[in-house]
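Chemist: Chain residues, written in single-letter form:
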Amino acid sequence: MASSTTGEKKILTLKGGDNEEFILEESLVLQSELLKNMVKEERVSSIPLPSIKSKTLVKIIEYLKKHAELTPSNKEEFKNFEKEFVNVVLEELLDITVAVNYLKINGLLEFCCQAVADRIKDKSVEAVRKIFRIESDFTPEEESEFRKETPEAFEGDLDDTTN
Amino acid sequence: MKKSKLTERVVGDDVGTLNRISELPDSLLVRIISLLPTTNDAFRTCLVYKRWQYLWTSIDNLTLVCRSRSKEENFASFMDYLFAKRTSSKIRKFHLEIWDMPSYNLQIKQWLSYVIKTRSKMFD
Numbered sequence: 001m002a003s004s005t006t007g008e009k010k011i012l013t014l015k016g017g018d019n020e021e022f023i024l025e026e027s028l029v030l031q032s033e034l035l036k037n038m039v040k041e042e043r044v045s046s047i048p049l050p051s052i053k054s055k056t057l058v059k060i061i062e063y064l065k066k067h068a069e070l071t072p073s074n075k076e077e078f079k080n081f082e083k084e085f086v087n088v089v090l091e092e093l094l095d096i097t098v099a100v101n102y103l104k105i106n107g108l109l110e111f112c113c114q115a116v117a118d119r120i121k122d123k124s125v126e127a128v129r130k131i132f133r134i135e136s137d138f139t140p141e142e143e144s145e146f147r148k149e150t151p152e153a154f155e156g157d158l159d160d161t162t163n
Numbered sequence: 001m002k003k004s005k006l007t008e009r010v011v012g013d014d015v016g017t018l019n020r021i022s023e024l025p026d027s028l029l030v031r032i033i034s035l036l037p038t039t040n041d042a043f044r045t046c047l048v049y050k051r052w053q054y055l056w057t058s059i060d061n062l063t064l065v066c067r068s069r070s071k072e073e074n075f076a077s078f079m080d081y082l083f084a085k086r087t088s089s090k091i092r093k094f095h096l097e098i099w100d101m102p103s104y105n106l107q108i109k110q111w112l113s114y115v116i117k118t119r120s121k122m123f124d
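First to last, the sequence lines map onto chains A and B.
Sequential numbering from 1 applies to the first sequence in UniProt numbering.
Sequential numbering from 1 applies to the second sequence in UniProt numbering.
Incorrect hints may have been included.
Said to hold, decoys possible - With beta-carbon atoms standing in for the labels, derived distance ranges:
1. B/T57 - A/P48: 32 to 42 Å
2. A/L34 - B/R119: 27 to 37 Å
3. B/W99 - A/K40: 50 to 60 Å
4. B/D60 - A/T161: 23 to 33 Å
5. B/D80 - A/L158: 21 to 31 Å
6. A/S51 - B/D80: 36 to 46 Å
7. A/E21 - B/M122: 38 to 48 Å
8. A/K40 - B/S27: 18 to 28 Å
9. B/M101 - A/P48: 53 to 63 Å
10. B/D60 - A/K10: 36 to 46 Å
11. A/E62 - B/P25: 19 to 29 Å
Stated by the list, open to error - Here are the simulated DSS-like cross-link-like pairs (lysine-lysine), alpha carbons at most 30 Å apart as the crow flies:
12. A/K148 - B/K93
13. A/K36 - A/K53
14. A/K130 - A/K59
15. A/K121 - B/K71
16. B/K93 - A/K75
Derived by calculation from the structure, the hints in this document are not laboratory data.
Since we're looking at a predicted model, the values are computed, not measured.
We treat Cβ as the ideally placed atom computed from N, Cα and C, and that holds for glycine.
Model the full structure from these sequences, guided by the hints.
Modeler: Okay, here's the thing in structure tokens:
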């Protein structure tokens, strides 16, 4: 992973799903394992990412920039930025999480997954379904049998709200 | 034209998040539920949706907390159930929080030896 930033900075173009182009320094995208491999092995200068919406890509690039600027002295500021970063509607958070998983940006992936988990933390089964807008495909009989079999899992103070 | 537009909007509103959640690969869903505070919370997601039924069997960090003395019996049978059904061959993290449960000593020994065996296999 030895890299030197001396000399000319390499430029790379990322193309989002709606064909919008984002021009950025190559060093920034090296945080993504997927893009790093593409850049190093195939020496490409433009990478199409048709499955990622531009809106999502903008957010991810914003993160990459902030993360690249991270130093011990602005750690607090970065933490606040991270908190705000995932403070979006669930749909957008899932878009970002899927894209980050695809791009293999490991630190950010863990953070996004935790943010999704936090949305369903301490929630009842019914509330989780509502949050993800999932309709149960269990029959009431199947469901009550399950609950009887493992009472430990379904007792206790669970939150029925979707907030 | 007006009609088709309306249909599109309604469909979009209704299944927007559902589509996205079904786009998530199982490995990612497992990662998400393994970040819930306890294994109990992760397990509970099995009842959300049939596709999620077995996700919890793949998690490799176990956090098990017996909430109260009066729940010992349920807790012990949940632990047995969990170890019998889980499919992951790894245990990356194990956290067990219980009261002194003398009548369950044998079971506790079995749980711990399961964890030790699983972990020692990981380093073979």
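Chemist: Are there hints from earlier that the structure breaks, and if so, what are their numbers?
Modeler: none
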